[in-house]
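So you can see what is in the structure, the chains are spelled out below.
There are 2 protein chains.
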Amino acid sequence: MLELHGQHLIGRATSAESDDTFQAANPATGESLPTVFHEATPGEIDRALTLAAEAFVAFRQTSPEDRARFLDACADEVEALGEQLIETTMAETGHPEPRCLGERGRATGQARMFAELAREGSWVDARIDLPQPDRQPLPKPDVRSLMFPVGPVVVFGASNFPLAISVFGADTVSAFAAGCPVVVKAHPAHPATCELVARAILAAAEKTGMPEGVFSLVHGRTNAVGMGLVQHPETTAAAFTGSLRGGRALYDAANARPVPIPFYAEMGSVNPIFVLPGALKERGNEIASGYIQSLTLGVGQFCTNPGLVFGLESEELNTFVSGAAEGARGASPATMLHAGIHHAFTEGVNAMQHRSGLTLVGQSSTPADEAKSEAACHVFETDAEGLRNNPELFEEVFGPVSTVVKCPATSDLEEFAGQLEGSLTASIHGTEEDLASHRGLIDILEKKVGRLIFNGYPTGIEVCHAMHHGGPYPATAHSYFTSIGTRCIYRFVRPLCFQGWPQSQLPAELRDDNPRGIQRLVDGEYTRDPIAR
Amino acid sequence: MLELHGQHLIGRATSAESDDTFQAANPATGESLPTVFHEATPGEIDRALTLAAEAFVAFRQTSPEDRARFLDACADEVEALGEQLIETTMAETGHPEPRCLGERGRATGQARMFAELAREGSWVDARIDLPQPDRQPLPKPDVRSLMFPVGPVVVFGASNFPLAISVFGADTVSAFAAGCPVVVKAHPAHPATCELVARAILAAAEKTGMPEGVFSLVHGRTNAVGMGLVQHPETTAAAFTGSLRGGRALYDAANARPVPIPFYAEMGSVNPIFVLPGALKERGNEIASGYIQSLTLGVGQFCTNPGLVFGLESEELNTFVSGAAEGARGASPATMLHAGIHHAFTEGVNAMQHRSGLTLVGQSSTPADEAKSEAACHVFETDAEGLRNNPELFEEVFGPVSTVVKCPATSDLEEFAGQLEGSLTASIHGTEEDLASHRGLIDILEKKVGRLIFNGYPTGIEVCHAMHHGGPYPATAHSYFTSIGTRCIYRFVRPLCFQGWPQSQLPAELRDDNPRGIQRLVDGEYTRDPIAR
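These protein sequence lines map, in sequence, to chains C and B.
Under this note's numbering, the first residue of the first sequence carries the number 139, and numbering increases by one thereafter.
Under this note's numbering, the first residue of the second sequence carries the number 139, and numbering increases by one thereafter.
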């Protein structure tokens, strides 16, 4: 058992300069948890980023194998925290044990996936255009390029995935795989979880000989700490998962810097589901049940939580709504992540209950215990007119609440799809014929979302090469980049090009003999072959 | 011969609503050119982008072969403008004929390169993770993704490459290859060149059956037109090449939108050259001569123009400076792009002549004719102290002016490298031993620039797959993206992911049978093979 100290972890040192302190609370009891955490001072923020900048030179020159061993060791050390980590996370987040175990597995699996990505090495997008000294009218130079780490990265832990999208989430491990030092801003709702995981990472860094400053953790619950991290001159990129309001404020600050930096924010979305007629006929009840499962997964606190469902007015849609209402009634209330989120959820649901044209069709039959920050599942229904009169319904209410919109015609589905804000996902339930006959709807959704799901649900995202967890704003701040899946490493690199550079001084990935055996684009052809000259 | 009309080209129509007009001038004579151009009104901007948004649905669904034929036809039509285009460009820019011919060749070659990129098709980064329905504890879904066009793109033509980085530059042709409609803001210094090229593109669009709105051109010399284009709700991305001041203002506006869009700005840089001792010994004179050629190429109006040269104090460096001074004296003054640029150059050089610690060592021996907006080549020298006292020297002065900094020690080279702003390039002249013994300097430059050149010069950029024409801010607004070379297509796409999607409705690039034969990442392996299931 590690004894928690509540201090910042800055390089290999601990620090707690400020008297401004806070404690997390157990959302299931409302009680304060014992460890006292300190607000980071500007001096502490500066030390963390200065150390990160110093570490960058040595860290980016470690071999991919070194970085892979570091990542594997991080995963091992996080697992070695054992029960203490799971119990701490449960206490700080209200998450049940199976969820914590599952999430830890996703985090460590993800870290090992990035270790493998680093080892395999082709992700660097090595490109070589060979010289033609005799070309007329001008000789063609030798031009080679590959992806190069940007420098110190600031990561903002998310509240809703304390293990998989926090201190040791995809942001941190992809930055490490790329060769970037990381400074994490611990989430103030689960700071002890953050401390434990950070200490595991630091232990792994020491065991695998990584430079001091490759990782630091600072605490804070005020905007000043986040702003200080984003505005620090040594910060070269930042990754954030959280609310639109908080994300946009930091995004604006990142852009307003004298030297702007990319601020990769994933800010949630409404994740519409479209239930088309063929599917309603074939398996309306099954879809209603799957929808409620998706809506209540993690107490509705997933970025991909389905907030709106659209269908065409019909007997089958009525049956679907009855099924969803029944599912909602059967869903047990559960503790949300913290009192603030619970409060916002309660306010959001109350506002919906007072909107005209909106009808509550089902809610958890067991009442929610407010003292435990519990949320009950709520399903509303409305019609096209109701949605037109209540455009607020296009905005996410974080938690297990969703609205089914009964539309008279396909043209309404298309109209509403066109009014959606950028979203991480849209899901379509239908037959293949439904899909073919709703091409206009798909055309619209393709412009609105990052991921289109057929006969499935948006929650429970697969961590893999092809995954995209991003979308047009406000789903993410820059829709080219994902925050889940191997492509997310590209947030922390930029191309570096070498022209006429001698073989002996080139990065291994760009040398003629291709010692790492990676795939490269040589004169426009993809190949793993060495270059024979 | 086409008769110039000076109107905006909005879809297939012409328009000239505003009475606010302007004419370009011939910089070599100061005379106004005859065609009268109109400032675009908000209504005209709105029509151009509304048409572009409407065109997007049909255009993105054209096949890659269709888009390639469109690009090839554009190149053919631009060539078919023949002498009229060359003469028009010469009159508007002061560029001599060989430069215009060369630049036209680069533009058409670049368009055909993107046609080939579209045909080959692997650039879409198709990724497939196959399903595992029996996986425990949860089935693995079928997840596929590829790069998908973002929507209407606004392009700001650059003044310094009226053919290769303007209406028909890499921005426009890469956006077309990706499937994005384009609205170009014509550069007000060469509006007739813009009109001719735009009419060629529209002719190609008509011949190849592209939808109306796939391309529009609007004119304007006020900030309002640029702002209106960037702030229009249908604009999804913008590309800009120009000054830091203008670029930053538009970048800020793009970020401040309710829905921010990426603004890809290339804003020039100082492009330092480091001349190391071994190279100075071996071929100092040759480097001095190459440096002056690079400095005066295009009258010093290249983004990659070398503004600072660093060397270690030595007899050889003195000889190098003498050689550079002699080269400067031999360089003929030449007409700059327009009176505004010429004025800024003259002011910049005058300011340098009054800085203490800075000595003018050589300038064109033929006097510059101010009435022809001519610039003389100027080479200054200073020492480490002089640079420390004149930090303004780290900022670009656009034109054929450069400063050689004589440094006492390698530590000074490293100090100054560390003080550089982000730059498109840095060049090193040295022996292989020089390079190996200056690893500290290279480590610093790797963080500062996008392209490292060995024993070469930054100007005369090769258009190819491996090229990177970007760098840390302010060289470019987002250092991940390039504005030259095939990678520049990635500015105008984002991943779109399909989960559980039926084969019949998938994009061809993601279907099991791989009908386009492109390279894909299937379960983590790169392959062109179809998937047999």
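No lab work stands behind these hints: they were computed from the structure.
Check the hints yourself; a few may be wrong.
[To be verified] One side only, chain B facing chain C, incomplete, derived with CB under 7 Å:
#1 S156
#2 F160
#3 A163
#4 R250
#5 C545
#6 S549
#7 R589
#8 P633
#9 G638
#10 L644
Yeah, the Cβ is synthetic: ideal placement off N, Cα and C, and Gly gets one too.
Against the structure, the hints:
{"no.": "1", "hint": "S156", "result": "violated (31 Å)"}
{"no.": "2", "hint": "F160", "result": "violated (32 Å)"}
{"no.": "3", "hint": "A163", "result": "violated (31 Å)"}
{"no.": "4", "hint": "R250", "result": "violated (13 Å)"}
{"no.": "5", "hint": "C545", "result": "violated (21 Å)"}
{"no.": "6", "hint": "S549", "result": "violated (16 Å)"}
{"no.": "7", "hint": "R589", "result": "holds (4 Å)"}
{"no.": "8", "hint": "P633", "result": "holds (4 Å)"}
{"no.": "9", "hint": "G638", "result": "holds (4 Å)"}
{"no.": "10", "hint": "L644", "result": "violated (10 Å)"}
The structure shown violates the earlier hints numbered 1, 2, 3, 4, 5, 6 and 10.
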